[in-house]
Amino acid sequence: MAIGPHEIRAALLSLDQERCFGFAKRIADGEDDVLVALEEGFAAGIRDVGAKFQSGQFFLPELIVASDIMKECIKMLDSRLRREGLQTSPKGTIILGTVEGDIHDIGKTIVSTLLSTAGFEVIDLGVDVRTERFIEAAESHHAFAIAQSALLTVTAPRMSELIDVMLEKGIRHKYKVIIGGAVVTPEFASKIGADGFGADAEDAVRVALHLSRGGSIQ
Amino acid sequence: MNSTRKGGRLGFLSPEEIEDIHLATLHVLKTTGVAVKHPDALDLLRQAGAWVDEAQGRARLPEHMVMKSISTVPKTITLYGRGDPRHNLRVEGKRVHFGTGGAAIYVLDLDTGTRRLATTKDVSDFARLVEALDHVHFFMIPLFPSDVSKDDADLARYEAALPHTTKHVTAGVHVESACARVLDMVTDLAGGPEALRMRPFISMVADTVSPLTLERVNCNTTMECARRGVPVICGSEALSGGTSPATLAGTLVVINAEVLAALCLHQSTQPGAPFLYGTISSIMDLRKGTYTAGAVETGMISGAVAQVAQKYGIPLYATAGMSDAKISDCQAGMEKAMTLLVAGLSGANYIHDAAGMLELALTMSYEQTVIDNEIIGMVLRVMEGITVNDDTLAVDVIASVGPQGQYLGQRHTLKHMRQEHFIPTLADRSRREEWMEQGSKDLRTVAVEQARAILMK
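Those protein sequences? They're chains A and B, same order as listed. Our numbering applies: residue 1348 is where the first sequence begins, and numbers increase by one. Our numbering applies: residue 6 is where the second sequence begins, and numbers increase by one.
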């Protein structure tokens, strides 16, 4: 029997990992319309989760768990998508990480989750990430933006280093640069020439959406 | 509903000190006795073994009589609501419930913020507000309305409150004849005397007058409620330094003597009838001789009385959460949080005055009721304590997250976060910028909005 996308949507909204994985496996091995399942099932479900988070009914851990379930399901569908030559259509790819010398993880992870649930493909490079790695990842994943987090005063200068290196390489125009973290201020962002500044995770998503639609510096 | 939380983590008195208070009380009751202002009450006490001095109107109560009353009074009472069974409150042991209280004559108008005389509509509106607030477990009618005559006000209060809440309702009467009128009205509402006796959805207050006096109106209420099986609350309002000794220990003796005397009258009227030991005791501010509601000692007295009542196994009505502040300011928050926390931790069973009261118990505030709901929520969280077992120790989860990880995406977090962390609905935890975007509102402003939203429904 065909899987109704509303069933997937409901399973994701109730954070039912087992049921979601079951659906993903059946779709991966079967005949169901995979794009319908992705768009009307998983993506719709994660939008529902996002709405509950916005209204305060869901807490951050619920958003993260839902996002983890969804990511895992999409991975399970990957082989079938490739086999059929299909592509999902994210809003764009963002490279994300905490700068070199800084091992603060949690804020960056929250941003990663929120960006994913907002429809971006997020490549999370983790913490203590060298400037070169941000650039390599952006090039290889055809990203549209690089997002950096710094929580320490001493590591914030790494953010201007990224922009300097991009200018040197002549690739500054290819990527939007978004920065955030406890020590980062809007003044600092404009001083170093970043394209966007996220005061917190939700603000970071707002900025990313703005930039992905061709918006300019805030 | 959090109404089954248990207190008792906090104790001011050692078992020996509780015994000392008990013995001092028996001595006072036997030698000094109490003034009894109702002839029928005096007769009943005499028949039960009291030594009565007619000329003085004084009853001296021997130890065996007091101990007999303690032995016949029920150790568990259910105060019923009318609807959701979670609103039925088992009042016993160290179970804690919080509610409104008082007989304030003013309210702070929700629209103008100014003080005005209370009306019967305010009684209804506060009932509706309390109905919507999770941490306020019962509705003690907190207002004395100005738009009805004094003779009719007692009945009018009940009539204004009962249609607007399904939570248990408590109130005393101020006119002797009103007691039977109220009890007749609720008997009809219950569907007869037996139905009311089986599921009492109201209880009545009949306080003593300090020092050591059982007033006529309240003797009448005590006897009338005993006969009809409606729970009665006899509370002492001893004011340390004014109507009881300046020492808190001496005040505890006066409270205990008054309430046990009222208990003797009650159990002499009808052995086994439901009774709550009560304290509304506070201190007098001896700088000017004024009553204080928000004194920190009020919480201490409630906490210590809880230990005494627990020794006897008599359900306790205590007081906490009052303030002498005129508006919902820091003083209000400070005084309320202190006494509510102490009384809750002590395991007092039926804590009144816990929400909405300001200004020496003269004024009720809608927004303060909403704020106090949140304070009580925090107190209930503290009372819940820290659960330690294999699941909560979370060694497996700690191992799976490892160093440098985070716990946000763990199922364990999802499972426990709503119970382990109290989530405020008023307290602001946002960044300054967000707070400014939302209008830079202080707590009182947010509480006014929340109260309005509830009353608009």
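Wrong hints could be hidden among the right ones.
Here are a few chain A residues that sit away from chain B, every Cβ distance over 10 angstroms (derived from the structure) [said to hold, decoys possible]:
#, residue
1, GLY1369
2, ASP1415
3, THR1456
With the C-beta cut set under 10 angstroms, the calculated list includes, among others, these residues of chain B facing chain A [unchecked claim]:
#, residue
4, GLN411
5, GLY414
6, GLN415
For lysine to any residue, the following SDA-like pairs were computed, each having C-alpha atoms within a straight-line distance of at most 20 angstroms [what the hints assert, rightly or not]:
#, chain 1, residue 1, chain 2, residue 2
7, A, LYS1399, B, ARG423
8, A, LYS1538, A, ARG1560
9, A, LYS1418, B, GLN411
FYI, nobody ran anything at the bench for these hints, they're computed from the structure. Note that the coordinates shown come from a computational prediction; the quantities given were computed from them, not determined experimentally. Using N, Cα and C, we set each Cβ at its ideal position, and we do this for glycine too.
Evaluation of the provided hints:
1. GLY1369: At roughly 17 angstroms from the nearest Cβ of chain B, A:GLY1369 sits farther out than 10 angstroms, so the non-interface label holds.
2. ASP1415: The assertion about A:ASP1415 is violated, with a minimum of 6 angstroms to chain B.
3. THR1456: 6 angstroms, violated
4. GLN411: Interface hint status for B:GLN411: holds (5 angstroms vs cutoff 10 angstroms).
5. GLY414: Holds - the Cβ of B:GLY414 comes within 10 angstroms of chain A, reaching about 4 angstroms at its closest.
6. GLN415: With Cβ-Cβ at 7 angstroms, under 10 angstroms, it holds.
7. A:LYS1399 <-> B:ARG423: 15 angstroms, holds
8. A:LYS1538 <-> A:ARG1560: 24 angstroms, violated
9. A:LYS1418 <-> B:GLN411: 18 angstroms, holds
Hint check: violations occur at hints 2, 3 and 8; the rest are consistent with the structure.
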